[in-house]
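*Asks:* So you can see what is in the structure, the chains are spelled out below.
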Amino acid sequence: MEAAIKQSSLDIAAIRAQFPVLAQEVNGYPLTYFDNAATSQKPLRVIEALNQYYSVYNSNIHRGVHTLAEKATNAYEATRASLQKFINSGEKEEVIFTKGTSESINLVAATYGRQNIAEGDEIIITGLEHHSNIVPWQMLCEEKGAILKIVPISDKGEIDMEDFRDLLSDKTKIVSVAFASNALGTINPVKEIIEAAHSVDAVVLLDAAQAVAHLKVDVQALDCDFLAASAHKMYGPTGVGFLYGKRHLLEEMPPYQGGGEMIKEVTFEKTTYNDIPFKFEAGTPNIADIIALNEAIGFINDLGKENIRTYEDDLLAYATEKLKAIDKIQFIGTAKHKVGVLSFIIEGMHPFDVGMMLDARGIAVRTGHHCTMPLMQRFELEGTIRASFAVYNTFEEIDTMVASLQKITSRIN
Amino acid sequence: MTAVEEIQNEIIEEFEFLADDRESTIFYIMELGQKLPAMDDSLKTEENIIKGCQSKVWLTSEYKNGKVYFKADSNTDITKGLISLLIRVLSGQTPDTILNTELNFVEKIGMGQVIGSQRSNGFNAMIKQMKLYALGYRAKAQINE
Numbered sequence: 001m002e003a004a005i006k007q008s009s010l011d012i013a014a015i016r017a018q019f020p021v022l023a024q025e026v027n028g029y030p031l032t033y034f035d036n037a038a039t040s041q042k043p044l045r046v047i048e049a050l051n052q053y054y055s056v057y058n059s060n061i062h063r064g065v066h067t068l069a070e071k072a073t074n075a076y077e078a079t080r081a082s083l084q085k086f087i088n089s090g091e092k093e094e095v096i097f098t099k100g101t102s103e104s105i106n107l108v109a110a111t112y113g114r115q116n117i118a119e120g121d122e123i124i125i126t127g128l129e130h131h132s133n134i135v136p137w138q139m140l141c142e143e144k145g146a147i148l149k150i151v152p153i154s155d156k157g158e159i160d161m162e163d164f165r166d167l168l169s170d171k172t173k174i175v176s177v178a179f180a181s182n183a184l185g186t187i188n189p190v191k192e193i194i195e196a197a198h199s200v201d202a203v204v205l206l207d208a209a210q211a212v213a214h215l216k217v218d219v220q221a222l223d224c225d226f227l228a229a230s231a232h233k234m235y236g237p238t239g240v241g242f243l244y245g246k247r248h249l250l251e252e253m254p255p256y257q258g259g260g261e262m263i264k265e266v267t268f269e270k271t272t273y274n275d276i277p278f279k280f281e282a283g284t285p286n287i288a289d290i291i292a293l294n295e296a297i298g299f300i301n302d303l304g305k306e307n308i309r310t311y312e313d314d315l316l317a318y319a320t321e322k323l324k325a326i327d328k329i330q331f332i333g334t335a336k337h338k339v340g341v342l343s344f345i346i347e348g349m350h351p352f353d354v355g356m357m358l359d360a361r362g363i364a365v366r367t368g369h370h371c372t373m374p375l376m377q378r379f380e381l382e383g384t385i386r387a388s389f390a391v392y393n394t395f396e397e398i399d400t401m402v403a404s405l406q407k408i409t410s411r412i413n
Numbered sequence: 001m002t003a004v005e006e007i008q009n010e011i012i013e014e015f016e017f018l019a020d021d022r023e024s025t026i027f028y029i030m031e032l033g034q035k036l037p038a039m040d041d042s043l044k045t046e047e048n049i050i051k052g053c054q055s056k057v058w059l060t061s062e063y064k065n066g067k068v069y070f071k072a073d074s075n076t077d078i079t080k081g082l083i084s085l086l087i088r089v090l091s092g093q094t095p096d097t098i099l100n101t102e103l104n105f106v107e108k109i110g111m112g113q114v115i116g117s118q119r120s121n122g123f124n125a126m127i128k129q130m131k132l133y134a135l136g137y138r139a140k141a142q143i144n145e
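Chains C and R are the protein sequences, given in the same order.
Number 413 marks the last residue of the first sequence (the working numbering); no jumps.
Number 145 marks the last residue of the second sequence (the working numbering); no jumps.
Chain R with its partners taken away, still in its complex shape:
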């Protein structure tokens, strides 16, 4: 099992404890959001924004020693909680891993039902942006080789 698969399985196990209870699931996601370190205000620029329905998400990335590190923030705790899960899985991985990882935890923890279709669009936009960063870093790395 790869490291990314392990992390995803951990998340799936954590959410199994909540046993499809919507309220507990939402509270748990919010708690995760509150634990995510706040992003420096200077990074909360228009450039770094991913626009969702009712919430704003800021996402930045950094490439160090062949790995991509993400930082993100949102104005709502639930959205922050959702991003924190993505960061947990994808941050600190190589561009190749990020590009090749299938985020199967999203479906397994029933995220679609919790966040609804409009917000899953925003969620998918976050994933897409993270993969775009990875693609950019990979291309850059290939040029430098």
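If we strip away everything but chain C, and leave its shape as in the complex, we get:
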């Protein structure tokens, strides 16, 4: 079947014009940026928000009485309010700013985990998790004598709900899974996972790093207990992210770090802690980037998640169809439900060599284990070549990559 270029309701040329980084040549060729699962590019409105903040109202937030402090505080809290709507949490106090997904997961492991996990308890993750959703739980298990259980991954890159249910028991205290896989694109059946986990009273954390820019995320509809994500994978700045947690859980959890902002009152004898979300935001936060994140949310909202999803699905279907036609390419991860991630290998070539050759044509992909070494071991691979799409990518760019890959594979004897 010939893959078809579909008409999108989005004006992709106008969208591209908002991303200055895309309008450049790399190694003498127009840049084709297919490394969006690692980090997405930033639209002008995000860059401009950073510039505005530092040029016009840079000030420390929350305690200042002066006008600039007030302005900065309002802008900072406005991002929290936008995020609340973006993930549909019940209250904005349930949204905590962090450095990113990794820190969000570490925060939960170090506070909720330390408080609630005892020897012999079990934590369940899946075999496709990013190292960020493996290592914090390993550290916790080691400290507490708890056991980490892994849901196996099928050849297609999916989990079987039966396998997951088999692992669940009254010993299960935490389930932490990716909403979507960074290495394969697989969208996990998170709603089912959450329901099943709740039936044994386990709490569920969703690693939504690969979901927030591409899929509808509604924490109330999902009923997840925690959700972690990063700004820089959703057209926002690097170095900021957030953690959603249900109010009663966040309130019962001890603080993560001590410092300014997180306290109510300090004497040398005793410190009482601030209310959520501030209890978890010790020290001066990354004010500028958090303010600029609001513009990234605005960018996504203006386009509409549904429109973005439809367009990226079309890109993925088109790329899959085109790459299928190339001899010697083997897809890794062929799940039924995927975000715009295409992982593959070329028989007889190391992913690193392929990545270097694509780069020579201005095509940016990621090669290697994608911080999912256990998953790569499951497929008996050192790594894959991964092309991942964002809303500004085009069908023509996919054609460019396909042409390069044809040239590369033609060199294999």
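Simulated from the structure, these hints should not be mistaken for lab results.
The model shown is predicted, which means the values in this text are computed figures rather than measured ones.
Treat the hints with care, since some could be wrong.
Stated by the list, open to error - Here are the computed distance ranges between Cβ atoms for each label pair: (1) C:Met373 <-> R:Glu14: 35 to 41 angstroms; (2) R:Gly136 <-> C:Glu48: 54 to 60 angstroms; (3) R:Ala125 <-> C:Glu77: 45 to 51 angstroms; (4) C:Ala23 <-> R:Gly110: 24 to 30 angstroms; (5) R:Gly110 <-> C:Glu77: 48 to 54 angstroms; (6) R:Thr2 <-> C:Asp327: 44 to 50 angstroms; (7) C:Gly145 <-> R:Gly110: 50 to 56 angstroms.
Glycine included, C-beta positions come from ideal geometry on N, C-alpha and C.
Place chain R on chain C using the hints.
*Replies:* Just chain R, lined up with the frame of chain C:
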């Protein structure tokens, strides 16, 4: 001009033909890699490994008649190509030559731009390991004298 300088100049001339074309340069390095004789699997041990970013390199050496001979392999063709250049320059030289040679071809052929900083770290680790072998053989030779 010493033998090592001559070899380095040859390499510089070869790469001049590629005229800063990144794609041709990479293809050429890969071809060099494919030509490097494969190392026996029994030598691909943890002991002989030099860990780089995404590629593995195995390096062994042998000391014969006052000269050091290197064998190397990698799991990626580009890395293999890069090592083949080092072997061409340094293998079969005396420990003193290996220790005293400045590898000026690396900069002259614009290797840094082609392989990037992370991989040049791996490249430098290879050079360092080759020089360490040379140092070891020289010390051994001095003891035996």
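*Asks:* A separate judgement is required for each hint: does it hold in the structure or not?
*Replies:* Hints, one by one, checked against the model:
no., hint, verdict
1, C:Met373 <-> R:Glu14: 35 to 41 angstroms, "holds, 38 angstroms"
2, R:Gly136 <-> C:Glu48: 54 to 60 angstroms, "holds, 59 angstroms"
3, R:Ala125 <-> C:Glu77: 45 to 51 angstroms, "holds, 49 angstroms"
4, C:Ala23 <-> R:Gly110: 24 to 30 angstroms, "holds, 26 angstroms"
5, R:Gly110 <-> C:Glu77: 48 to 54 angstroms, "holds, 51 angstroms"
6, R:Thr2 <-> C:Asp327: 44 to 50 angstroms, "holds, 48 angstroms"
7, C:Gly145 <-> R:Gly110: 50 to 56 angstroms, "holds, 55 angstroms"
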